[in-house]
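For reference, the chains in residue letters:
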Amino acid sequence: MVRLSDDLLDALREVINIGVGKAAGTLNELLGHHILLEVPQVVVLGPDEMAAHLCQRPDETVSLVVLQFSGQFSGLSTLMFTSDSASKLVDLLVGEETPVDELDVIKTGTLTEVGNILLNAVMGSIGNLLGSRLSYTIPTYQEGALGQLLQPIIRQESAALEVTTRFTVQSRQITGEFLLLFEVLSFDTFVAALETALQG
Amino acid sequence: MARILHVDDSSFSRLQIGKVLKGAGHELLQADNGRTGLLAVQEQTPDLIITDILMPEMDGIAFLEALRDQGNRIPVLVVTADVQHDTRSACLSLGAVALLNKPPRDDALLSAVDRALGRGGA
Numbered sequence: 001m002v003r004l005s006d007d008l009l010d011a012l013r014e015v016i017n018i019g020v021g022k023a024a025g026t027l028n029e030l031l032g033h034h035i036l037l038e039v040p041q042v043v044v045l046g047p048d049e050m051a052a053h054l055c056q057r058p059d060e061t062v063s064l065v066v067l068q069f070s071g072q073f074s075g076l077s078t079l080m081f082t083s084d085s086a087s088k089l090v091d092l093l094v095g096e097e098t099p100v101d102e103l104d105v106i107k108t109g110t111l112t113e114v115g116n117i118l119l120n121a122v123m124g125s126i127g128n129l130l131g132s133r134l135s136y137t138i139p140t141y142q143e144g145a146l147g148q149l150l151q152p153i154i155r156q157e158s159a160a161l162e163v164t165t166r167f168t169v170q171s172r173q174i175t176g177e178f179l180l181l182f183e184v185l186s187f188d189t190f191v192a193a194l195e196t197a198l199q200g
Numbered sequence: 001m002a003r004i005l006h007v008d009d010s011s012f013s014r015l016q017i018g019k020v021l022k023g024a025g026h027e028l029l030q031a032d033n034g035r036t037g038l039l040a041v042q043e044q045t046p047d048l049i050i051t052d053i054l055m056p057e058m059d060g061i062a063f064l065e066a067l068r069d070q071g072n073r074i075p076v077l078v079v080t081a082d083v084q085h086d087t088r089s090a091c092l093s094l095g096a097v098a099l100l101n102k103p104p105r106d107d108a109l110l111s112a113v114d115r116a117l118g119r120g121g122a
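Quick mapping for you: the protein sequence lines, in order, are chains X and B. First residue of the first sequence: 1, per this note's numbering; consecutive thereafter. First residue of the second sequence: 1, per this note's numbering; consecutive thereafter.
Simulated from the structure, these hints should not be mistaken for laboratory data. A virtual CB, placed ideally from N, CA and C, is assigned to each residue, including glycine. Honestly, I wouldn't trust all of these hints.
[Claimed, not checked] The calculated SDA-like cross-link candidates involving lysine to any residue, where the alpha carbons are at most 20 Å apart (straight line), are:
hint: 1; chain 1: B; residue 1: K19; chain 2: X; residue 2: Q68
hint: 2; chain 1: B; residue 1: K19; chain 2: X; residue 2: I106
hint: 3; chain 1: B; residue 1: K22; chain 2: X; residue 2: L93
hint: 4; chain 1: X; residue 1: K88; chain 2: B; residue 2: L15
hint: 5; chain 1: B; residue 1: K19; chain 2: X; residue 2: L92
hint: 6; chain 1: B; residue 1: K19; chain 2: X; residue 2: L31
hint: 7; chain 1: B; residue 1: K19; chain 2: X; residue 2: V105
hint: 8; chain 1: B; residue 1: K19; chain 2: X; residue 2: L130
hint: 9; chain 1: B; residue 1: K22; chain 2: B; residue 2: L100
hint: 10; chain 1: B; residue 1: K22; chain 2: X; residue 2: V94
hint: 11; chain 1: X; residue 1: K88; chain 2: B; residue 2: S11
hint: 12; chain 1: B; residue 1: K19; chain 2: X; residue 2: L36
hint: 13; chain 1: X; residue 1: K88; chain 2: X; residue 2: L9
hint: 14; chain 1: B; residue 1: K22; chain 2: B; residue 2: P75
hint: 15; chain 1: B; residue 1: K22; chain 2: B; residue 2: P46
hint: 16; chain 1: B; residue 1: K22; chain 2: B; residue 2: G118
[As the list claims (entries may be wrong)] Derived CB-CB ranges, DEER-like:
hint: 17; chain 1: B; residue 1: K19; chain 2: X; residue 2: Q56; range: 38 to 44 Å
hint: 18; chain 1: B; residue 1: R73; chain 2: X; residue 2: L92; range: 38 to 44 Å
hint: 19; chain 1: X; residue 1: Q199; chain 2: B; residue 2: R3; range: 51 to 57 Å
hint: 20; chain 1: X; residue 1: H33; chain 2: B; residue 2: I74; range: 26 to 32 Å
hint: 21; chain 1: B; residue 1: M1; chain 2: X; residue 2: E29; range: 25 to 31 Å
hint: 22; chain 1: B; residue 1: G23; chain 2: X; residue 2: R166; range: 33 to 39 Å
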């Protein structure tokens, strides 16, 4: 397992915190409900440990939005909702206006755009803090068993860092998780940018 | 009332922003990427364009470049999820009159629309 110094790990948590805080503010704007944030869990993993670690809940049914980023550092950012939370979120945003025969299309479109907005808030804030310009691909949406969805996007040679942070829409029992995966080589670049930022 | 073209690949954002614009009495045209946006500009001559950035086929940056290369003088307002400073700079340097991050507050969107149309606003 890759080791980071306590100072660097603390800086990493803070950078992620700021990004997720921006996303929470954005979600608050969208929903008009207060968002509770949990302290991010940051786990630095060697590539060979990543797949096993990420698939500890392989049978859980989830909605997953994936936004690929590239630039000075590259990887995948994902936003994950349980199927129950995903349905509640869509109901809250467009519920009463949804014709029954268009439910799936509207659910997919809504969750993809919510994911796009929140993942951009997280990654863009991190890029701004570290002075690193990021490019994105069009976000993709999938739903199904967590293990099946994650396995294809976890490449043994390309994953190095897992950042998980959970947020809750207060009073609505809606919970989501961000997960950031960096490619191994660009993880070193990311750490270097973090060290530079830490030195001020 | 103005004729406003909204270019965004997200049906969710087209619905949300469309409601605000129509509620303020504007006529709404929609396209789902820069390429179809360019066609709509040529065929329907909007007073104002609102565009997203991250879109398939032709993204918002390429759309802004194409409008600039055509010598188009229709004001363009960018509404994007991308919060990066460089994206803001790139859009403004390509002629966008302003950039708002998604989701825009209704009053901020309508003020930006008024300003872009030369009608003042806060």
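Hint check results:
1. With a C-alpha separation of about 30 Å, the suggested pair B:K19 and X:Q68 falls outside the 20 Å cut-off, and the hint is violated.
2. Taking the CA atoms of B:K19 and X:I106, the gap is about 16 Å. The hint holds against a cut of 20 Å.
3. Distance check on the hinted pair: B:K22 and X:L93 sit about 19 Å apart at the alpha-carbon level, within 20 Å; holds.
4. Proximity of X:K88 to B:L15 is assessed by CA-CA distance (about 19 Å); at most 20 Å being required, the pair is judged to hold.
5. A distance of roughly 16 Å separates the Cα atoms of B:K19 and X:L92; the hinted pair therefore holds under the 20 Å criterion.
6. Taking the CA atoms of B:K19 and X:L31, the gap is about 16 Å. The hint holds against a cut of 20 Å.
7. This hinted pair checks out: B:K19 and X:V105 have alpha carbons roughly 19 Å apart, not beyond 20 Å.
8. Proposed proximity of B:K19 and X:L130 is contradicted: the alpha carbons are some 37 Å apart, above 20 Å.
9. Proposed proximity of B:K22 and B:L100 is supported: the alpha carbons are some 19 Å apart, at most 20 Å.
10. Distance hint between B:K22 and X:V94 is fulfilled; the C-alpha atoms sit about 17 Å from each other, no more than 20 Å.
11. For a cut-off of 20 Å, the pair hint linking X:K88 to B:S11 stands: about 19 Å separates their Cα positions.
12. For the given pair, B:K19 sits about 29 Å from X:L36 by alpha-carbon distance, which is inconsistent with the 20 Å threshold.
13. Distance check on the hinted pair: X:K88 and X:L9 sit about 34 Å apart at the alpha-carbon level, beyond 20 Å; violated.
14. Taking the CA atoms of B:K22 and B:P75, the gap is about 19 Å. The hint holds against a cut of 20 Å.
15. Under the criterion of a C-alpha separation no larger than 20 Å, the hint pairing B:K22 with B:P46 is consistent with the structure, at around 15 Å.
16. For a cut-off of 20 Å, the pair hint linking B:K22 to B:G118 stands: about 19 Å separates their Cα positions.
17. Evaluation of the 38 to 44 Å hint for B:K19 and X:Q56 yields a pass: the beta carbon distance comes to about 41 Å.
18. Evaluation of the 38 to 44 Å hint for B:R73 and X:L92 yields a pass: the beta carbon distance comes to about 41 Å.
19. Distance hint check for X:Q199 and B:R3: the Cβ-Cβ separation is about 52 Å, which falls inside the suggested range of 51 to 57 Å.
20. Hint check: X:H33 to B:I74, Cβ distance near 37 Å, so the stated range 26 to 32 Å is violated.
21. In this structure, B:M1 and X:E29 meet the distance hint of 25 to 31 Å, their C-beta atoms being roughly 27 Å apart.
22. Under the hint 33 to 39 Å, the C-beta atoms of B:G23 and X:R166, about 35 Å apart, fit the expected range.
Going down the numbered hints, you'll see the structure goes against 1, 8, 12, 13, 20, while the others check out.
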